[in-house]
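What follows is the residue order along each chain.
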Amino acid sequence: MNNMSATTTTMTMKAAAMNQSKVSARGVQVYYGDKHAIKDVAIEIHPRSVTAFIGPSGCGKSTFLRCINRMNDTISSCRVEGHIAIDGEDIYDPKVDPVQLRAKVGMVFQKPNPFPKSIYENVAYGPRIHGLASRKSELDDIVASALQKAGLWNEVKDRLDAPGTGLSGGQQQRLCIARAVAVSPEVILMDEPCSALDPIATAKVEELIHELRENFTIVIVTHSMQQAARVSQRTAMFHLGNLVEVDDTDKIFTNPDDQRTQDYIMGRFG
Amino acid sequence: MIDITVPADRATVAPSKSILTVDARTRQRHAAEARFRLMGKIAVAISVLALVGLLTSILSNGLSSFRQTYITLNVYLDPAKLDKQGNRDPEAVAKVTTFSYAPLIEKALTDAMVAKGIAIEGLNAKGASELISKEAPANLRRYVLSDPSVIGETVSFDLLASGRIDGYYKGRVTMESAELDRNISPEQLMLADELKQAGILTTKFNWDFFTAPDSSDTRPEASGLGVAILGSAYMMLIVLVLSLPLGVAASIYLEEFAPQNRFTDLIEVNIANLAAVPSIVFGILGLAVFINFVGLPQSAPIVGGLVLTLMTLPTIIIATRAALKAVPPSIRDAALGVGASKMQSVFHHVLPLAMPGILTGTIIGLAQALGETAPLLLIGMVAFVREYPAGPPEGFFDPASALPVQVYNWTQRGDPAFVERASGAIIVLLVFLVAMNLIAIILRRRFERRW
Numbered sequence: 001m002n003n004m005s006a007t008t009t010t011m012t013m014k015a016a017a018m019n020q021s022k023v024s025a026r027g028v029q030v031y032y033g034d035k036h037a038i039k040d041v042a043i044e045i046h047p048r049s050v051t052a053f054i055g056p057s058g059c060g061k062s063t064f065l066r067c068i069n070r071m072n073d074t075i076s077s078c079r080v081e082g083h084i085a086i087d088g089e090d091i092y093d094p095k096v097d098p099v100q101l102r103a104k105v106g107m108v109f110q111k112p113n114p115f116p117k118s119i120y121e122n123v124a125y126g127p128r129i130h131g132l133a134s135r136k137s138e139l140d141d142i143v144a145s146a147l148q149k150a151g152l153w154n155e156v157k158d159r160l161d162a163p164g165t166g167l168s169g170g171q172q173q174r175l176c177i178a179r180a181v182a183v184s185p186e187v188i189l190m191d192e193p194c195s196a197l198d199p200i201a202t203a204k205v206e207e208l209i210h211e212l213r214e215n216f217t218i219v220i221v222t223h224s225m226q227q228a229a230r231v232s233q234r235t236a237m238f239h240l241g242n243l244v245e246v247d248d249t250d251k252i253f254t255n256p257d258d259q260r261t262q263d264y265i266m267g268r269f270g
Numbered sequence: 001m002i003d004i005t006v007p008a009d010r011a012t013v014a015p016s017k018s019i020l021t022v023d024a025r026t027r028q029r030h031a032a033e034a035r036f037r038l039m040g041k042i043a044v045a046i047s048v049l050a051l052v053g054l055l056t057s058i059l060s061n062g063l064s065s066f067r068q069t070y071i072t073l074n075v076y077l078d079p080a081k082l083d084k085q086g087n088r089d090p091e092a093v094a095k096v097t098t099f100s101y102a103p104l105i106e107k108a109l110t111d112a113m114v115a116k117g118i119a120i121e122g123l124n125a126k127g128a129s130e131l132i133s134k135e136a137p138a139n140l141r142r143y144v145l146s147d148p149s150v151i152g153e154t155v156s157f158d159l160l161a162s163g164r165i166d167g168y169y170k171g172r173v174t175m176e177s178a179e180l181d182r183n184i185s186p187e188q189l190m191l192a193d194e195l196k197q198a199g200i201l202t203t204k205f206n207w208d209f210f211t212a213p214d215s216s217d218t219r220p221e222a223s224g225l226g227v228a229i230l231g232s233a234y235m236m237l238i239v240l241v242l243s244l245p246l247g248v249a250a251s252i253y254l255e256e257f258a259p260q261n262r263f264t265d266l267i268e269v270n271i272a273n274l275a276a277v278p279s280i281v282f283g284i285l286g287l288a289v290f291i292n293f294v295g296l297p298q299s300a301p302i303v304g305g306l307v308l309t310l311m312t313l314p315t316i317i318i319a320t321r322a323a324l325k326a327v328p329p330s331i332r333d334a335a336l337g338v339g340a341s342k343m344q345s346v347f348h349h350v351l352p353l354a355m356p357g358i359l360t361g362t363i364i365g366l367a368q369a370l371g372e373t374a375p376l377l378l379i380g381m382v383a384f385v386r387e388y389p390a391g392p393p394e395g396f397f398d399p400a401s402a403l404p405v406q407v408y409n410w411t412q413r414g415d416p417a418f419v420e421r422a423s424g425a426i427i428v429l430l431v432f433l434v435a436m437n438l439i440a441i442i443l444r445r446r447f448e449r450r451w
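In the order they appear, the protein sequences are chains A and B. For the record, in the first sequence the residue sitting at position 217 is 217 according to this note's numbering, with numbers rising by one throughout. For the record, in the second sequence the residue sitting at position 24 is 24 according to this note's numbering, with numbers rising by one throughout.
Just to be clear, a hint being listed does not mean it is correct.
[Said to hold, decoys possible] Here are the computed lysine-lysine pairs in the DSBU-like style, where the Cα-Cα straight-line distance is at most 30 angstroms:
#1 B/K325 with A/K111
#2 B/K342 with A/K149
#3 A/K111 with B/K95
[Stated by the list, open to error] Here are the simulated distance ranges between beta carbons:
#4 A/S137 with B/F397: 20 to 30 angstroms
#5 B/A275 with A/T74: 26 to 36 angstroms
#6 A/I75 with B/A322: 13 to 23 angstroms
#7 A/T74 with B/V431: 22 to 32 angstroms
#8 A/R135 with B/F210: 30 to 40 angstroms
#9 A/Y32 with B/V241: 35 to 45 angstroms
#10 B/R445 with A/R135: 33 to 43 angstroms
#11 A/E211 with B/L246: 47 to 57 angstroms
#12 A/M266 with B/R445: 21 to 31 angstroms
#13 A/D263 with B/Q28: 22 to 32 angstroms
#14 B/F397 with A/R135: 30 to 40 angstroms
#15 B/P329 with A/P56: 18 to 28 angstroms
Rather than coming from a laboratory, the hints here were simulated on the basis of the structure. All figures in this text were calculated on a predicted structure; none of them were measured in a lab. Where is the CB? At the ideal position from N, CA and C, for every residue including glycine.
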């Protein structure tokens, strides 16, 4: 927004883009050294909805997910080409600071990875480094509201000083979601968030994703077809680095256009 | 779905063997395991034996150095000899040399013998006074100089017994060996026994061993580790202050920030090799660079500290990098995922988790440096130093000794009393090393956290 040279044209383009999609990718190519991991992917991700990425292992869905908040920057051999925009702003623009981007695009990982600190510190860390609270009471409010949004508040409100690593796996994952939510991101990326959880904890996280959809744009990578069908409004099918097809979840699961999607959903490969 | 077809006739072809009988092949495997276990036990037994043998020899030789024989006498500090002007002027008192104190001690001993009715045939006053160390008059003089007002009084003073007398009570000197020794006679030993019975000659804990400076070849009884302990402490301080921040900063940069390319690979290989370079090479480097080129003083803890820093750096870097590597990458991802910068993720999350490993590596590096001798010999720390270095930081530039070098130095001396001293110094060194390792373990326990 501090770019004073922004012309009216780009402003209208931005407005137009906002109406239909939160994240828009065009011609994205990702290379790990010589390996071509993502091939010319183009996708529109709708705001305030859940988009699921499905596909067999190694198809590039996680790689593409990590492009959206530039987590791939940390891998030195990884090279990303093409265009990914959030609200019409190119996130691979040289002017973009990935640190700032990641405050806007939060991430939840496959394995619950709370910091080895107290529950409170886990959630407060993000707001603190981004300077979101000027007083202790404000920070307390942010922590409480993030934990409430993550559906963890009632379970931990009496032991905020207890170590986050002492919680159960499902609670840890919800703590990680609270940690991501506390920074007030616009997009939350989830990389197989339930793969390390039991069915009960999974159900809780899915319920939570359902609620979070009202305020956030969520992209979730999953290996579970049922999960994609349960939580997402749109589903994207990846195969061997290609985006096979993306459409409404109902359509993908009932009447996909591509034979490969059909086969994958039926469990014929993958 | 996989269909497994079992050959119908298999059961008849190979009849199932009973698990109650052990077949030859299994027996062979068990025998191999038993052989390996036995070899392992033998290896452990040999190492334990070697260690026990080493410790026993050091302790049996060295423990006696923590006790020392003293002769307690009431010395009359004669003003006629010590302060001829009679005004207790410190400068005038300071002009009186050690030689003037010797007769006072001799007289005190004669008086004590007369009082207790001790007389040994064939031993004159001078012979009797040889029981007392030549260092004793110097100690007495130092005592008087620190407080000239005691002149004119009679003071009870613990005087060091000579090395041979001390050795007599530690089993090093016998009546037979005294016959052949021109430094001691059997009469003197008899006098010592009489004095011991009269309660004048006693054996006490040897605090001077920890505080006194080194002494000349003829006075092993007076030698102590004071200068060496101070020198070693100064060097450890320098090593800690220089190598910890340098090593940790270098490892964090190499591990977390540096790009992976030929140049960093080269640095990595060199650091690994540097850890294996013989320590004497670092001594030559220190001599060439710090003393000859930079012009730092010889025998000074600053040079020793710098050389040992160079030696310790690779150890610390390797340990720190291993500790950083052991922090799970998920922690870094978590921090970056909420928008922490690279530096914040390292300093807020990775470094605290790596702390126990870093501290352990540092202390083990320091312990290594504490026991290092060879490079110090080359930079002149083997010199005979009797003056205490000043307090830090000026003291870093004063000549000093170091514990391992002191051990080396004492083993070179002729008098057998120095063998005991050297073993005692080894015990002190070992105690320091064990203490440092204990600290490493305690720190590791304290900082260790689950994740």
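Results of checking the hints against the structure:
no.: 1; hint: B/K325 with A/K111; result: holds, 19 angstroms
no.: 2; hint: B/K342 with A/K149; result: holds, 28 angstroms
no.: 3; hint: A/K111 with B/K95; result: violated, 81 angstroms
no.: 4; hint: A/S137 with B/F397: 20 to 30 angstroms; result: violated, 55 angstroms
no.: 5; hint: B/A275 with A/T74: 26 to 36 angstroms; result: holds, 29 angstroms
no.: 6; hint: A/I75 with B/A322: 13 to 23 angstroms; result: holds, 22 angstroms
no.: 7; hint: A/T74 with B/V431: 22 to 32 angstroms; result: violated, 47 angstroms
no.: 8; hint: A/R135 with B/F210: 30 to 40 angstroms; result: violated, 56 angstroms
no.: 9; hint: A/Y32 with B/V241: 35 to 45 angstroms; result: holds, 43 angstroms
no.: 10; hint: B/R445 with A/R135: 33 to 43 angstroms; result: holds, 37 angstroms
no.: 11; hint: A/E211 with B/L246: 47 to 57 angstroms; result: holds, 51 angstroms
no.: 12; hint: A/M266 with B/R445: 21 to 31 angstroms; result: violated, 55 angstroms
no.: 13; hint: A/D263 with B/Q28: 22 to 32 angstroms; result: violated, 52 angstroms
no.: 14; hint: B/F397 with A/R135: 30 to 40 angstroms; result: violated, 52 angstroms
no.: 15; hint: B/P329 with A/P56: 18 to 28 angstroms; result: holds, 24 angstroms
The structure shown violates the earlier hints numbered 3, 4, 7, 8, 12, 13, 14.
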